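Going down the list, the protein sequences come from chains A and B. The first sequence runs 707 to 981 under my numbering. The second sequence runs 707 to 981 under my numbering.
Rather than coming from a laboratory, the hints here were simulated on the basis of the structure. Since this is a predicted model, take the numbers as computed values, not measurements. Fair warning: there could be bad hints in the mix.
Same chains, same label: a pair holds when it works inside one copy or across any pair of copies.
[Claimed, not checked] Listed next, the in silico DMTMM-like pairs over lysine to aspartate or glutamate satisfying Cα-Cα at most 25 Å (straight line):
1) K768 x D811
2) K804 x E887
3) K768 x E928
4) K888 x D792
5) K888 x E836
Protein chains: 2
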Amino acid sequence: MQRIEAHASCGGVQEVWQHDASVLGCAMRFGIYLPPQSRERACPVLYWLSGLTCTEQNFITKANAQRYAAEHGIVVVAPDTSPRGDAVADAEGYDLGKGAGFYVDATQAPWAAHYRMHDYVANELPALVEARFPVTAARAISGHSMGGHGALVLALRHPGRYRSVSAFSPIVAPSQVPWGEKAFAAYLGTNRAAWRNWDACALVATAAERLPLLVDQGEADEFLATQLRPELLEEACRAAAHPLQLRRHAGYDHSYYFIASFIGEHMAHHSRALV
Amino acid sequence: MQRIEAHASCGGVQEVWQHDASVLGCAMRFGIYLPPQSRERACPVLYWLSGLTCTEQNFITKANAQRYAAEHGIVVVAPDTSPRGDAVADAEGYDLGKGAGFYVDATQAPWAAHYRMHDYVANELPALVEARFPVTAARAISGHSMGGHGALVLALRHPGRYRSVSAFSPIVAPSQVPWGEKAFAAYLGTNRAAWRNWDACALVATAAERLPLLVDQGEADEFLATQLRPELLEEACRAAAHPLQLRRHAGYDHSYYFIASFIGEHMAHHSRALV
Numbered sequence: 707m708q709r710i711e712a713h714a715s716c717g718g719v720q721e722v723w724q725h726d727a728s729v730l731g732c733a734m735r736f737g738i739y740l741p742p743q744s745r746e747r748a749c750p751v752l753y754w755l756s757g758l759t760c761t762e763q764n765f766i767t768k769a770n771a772q773r774y775a776a777e778h779g780i781v782v783v784a785p786d787t788s789p790r791g792d793a794v795a796d797a798e799g800y801d802l803g804k805g806a807g808f809y810v811d812a813t814q815a816p817w818a819a820h821y822r823m824h825d826y827v828a829n830e831l832p833a834l835v836e837a838r839f840p841v842t843a844a845r846a847i848s849g850h851s852m853g854g855h856g857a858l859v860l861a862l863r864h865p866g867r868y869r870s871v872s873a874f875s876p877i878v879a880p881s882q883v884p885w886g887e888k889a890f891a892a893y894l895g896t897n898r899a900a901w902r903n904w905d906a907c908a909l910v911a912t913a914a915e916r917l918p919l920l921v922d923q924g925e926a927d928e929f930l931a932t933q934l935r936p937e938l939l940e941e942a943c944r945a946a947a948h949p950l951q952l953r954r955h956a957g958y959d960h961s962y963y964f965i966a967s968f969i970g971e972h973m974a975h976h977s978r979a980l981v
Numbered sequence: 707m708q709r710i711e712a713h714a715s716c717g718g719v720q721e722v723w724q725h726d727a728s729v730l731g732c733a734m735r736f737g738i739y740l741p742p743q744s745r746e747r748a749c750p751v752l753y754w755l756s757g758l759t760c761t762e763q764n765f766i767t768k769a770n771a772q773r774y775a776a777e778h779g780i781v782v783v784a785p786d787t788s789p790r791g792d793a794v795a796d797a798e799g800y801d802l803g804k805g806a807g808f809y810v811d812a813t814q815a816p817w818a819a820h821y822r823m824h825d826y827v828a829n830e831l832p833a834l835v836e837a838r839f840p841v842t843a844a845r846a847i848s849g850h851s852m853g854g855h856g857a858l859v860l861a862l863r864h865p866g867r868y869r870s871v872s873a874f875s876p877i878v879a880p881s882q883v884p885w886g887e888k889a890f891a892a893y894l895g896t897n898r899a900a901w902r903n904w905d906a907c908a909l910v911a912t913a914a915e916r917l918p919l920l921v922d923q924g925e926a927d928e929f930l931a932t933q934l935r936p937e938l939l940e941e942a943c944r945a946a947a948h949p950l951q952l953r954r955h956a957g958y959d960h961s962y963y964f965i966a967s968f969i970g971e972h973m974a975h976h977s978r979a980l981v
């Protein structure tokens, strides 16, 4: 494991590490923000999952989560969005292959060899973080767009693993929208029954734990009606009596300007559960 | 004048505009953040000057100044760092030509035709902003590295034009460091007497106005000893009895992580003078 970057930030340190990810079969990078409190004591961890086309860099350079992580004493871990390297399968579009792992464990060739981002984020990455950094076992998870989908699915599939969950502009029903249909058909095959385990709207119906979902969505988001469709999550949560706080924000789009505007409120949400 | 981008941000709007800059003879882009207060009344303006290699994008996507601009009701204008386009002279290195205008008015061929960033920032840009946006004539100026040099020089050369000035990691004595010597020799010629008008340390000696300088400098900045040399500004201000608050921050480097960590304090500094 090798440290690639280290920058003082808001009294703590923003680092980037590279390691050989065994479940992915490739070298992976992740950002980790260590707040000032982590010099004195172990801190809880928020995992952040980024969206299509992103690497570990987007969130750590643009969201300004460090300020709130320093305020609350929360470590923030931001992995890359897919396996990487010359040996890893890829596709032409931005929405399949590298930069588009969709936080699933692929079962179809040529993807199954490396595309196991769910296993990586759920298991290998936290094990590594908890072994090598000054953190407690208290975990929260959040993300944006494809990463918002990832955060909701991870939390719904692993009762008790995360104390809180939130998402910005998530793909709440990948089985029903073009981004998800393309990715799931490639990674999981065309049998849609296999997709239910990777779809937040489907998982809500059978969730063993009633972990409240906090979702922020911009009403000027260019992907709102075609890819995100938060009303489907509203319906699924209503039908299952699953607690959901869906906040719609007039004027906000799909960019990091939206995330940076509300990340402080998400950090406060997670802090109430974690600290 | 054409609006290229508009994103809701922290209750206001982050926009990017393109216009034909007459003093530069090319199309130029600038970012402008309009805080929520600007919907109701004219607001004062902070001009932000970025460093080497930057465009108008770096500050608006990475510094998170919008949060504080919204808090204080300040418009923030962030221009590009040099003239642009196929007709504009360029050089191989990152530290001369495009992305490296150094906020001077060039007198030497082939630069003199377009490289007039001082005139642009001091005159054309504020005239445009004050004619077209809901702003008052109250102005402040700040910047980073090459842009910190620009901010200090602009404020020192134009008494009464800015109510406050600050800088992150500025090149305080370009006449005495490699970045400045290379750029000034190219843009201004080899007669060093002509450089004095573009060097904060030289200008402090004869400044007509005692506008206090706020400067933040990271002690782990990789350019500290060779290019930035804040001790030269300390000496110049002491000799001239010019008010200077130079804050050295252990562990911080030259990156936007440093700026994002302290931009809130700079915005508060400017707010006290502007609002």
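Hint check results:
1. For a Cα distance limit of 25 Å, the shortest separation of K768 from D811 qualifies neither inside one copy, at 28 Å, nor across copies, at 33 Å.
2. When the C-alpha separation of K804 and E887 is checked against a cutoff of 25 Å, the pair qualifies only within one copy, where the shortest distance is 17 Å, while the shortest distance between copies is 44 Å.
3. For the homomeric pair K768 and E928, the shortest alpha-carbon distances inside one copy (20 Å) and between copies (22 Å) are both at most 25 Å.
4. For a Cα distance limit of 25 Å, the shortest separation of K888 from D792 inside one copy, 23 Å, qualifies, whereas the shortest one across copies, 40 Å, does not.
5. In the homo-oligomer, the alpha carbons of K888 and E836 never lie at most 25 Å apart, since the shortest distance is 35 Å inside one protomer and 49 Å across protomers.
This entry does not satisfy hints 1, 5, going by the numbered hints stated previously.
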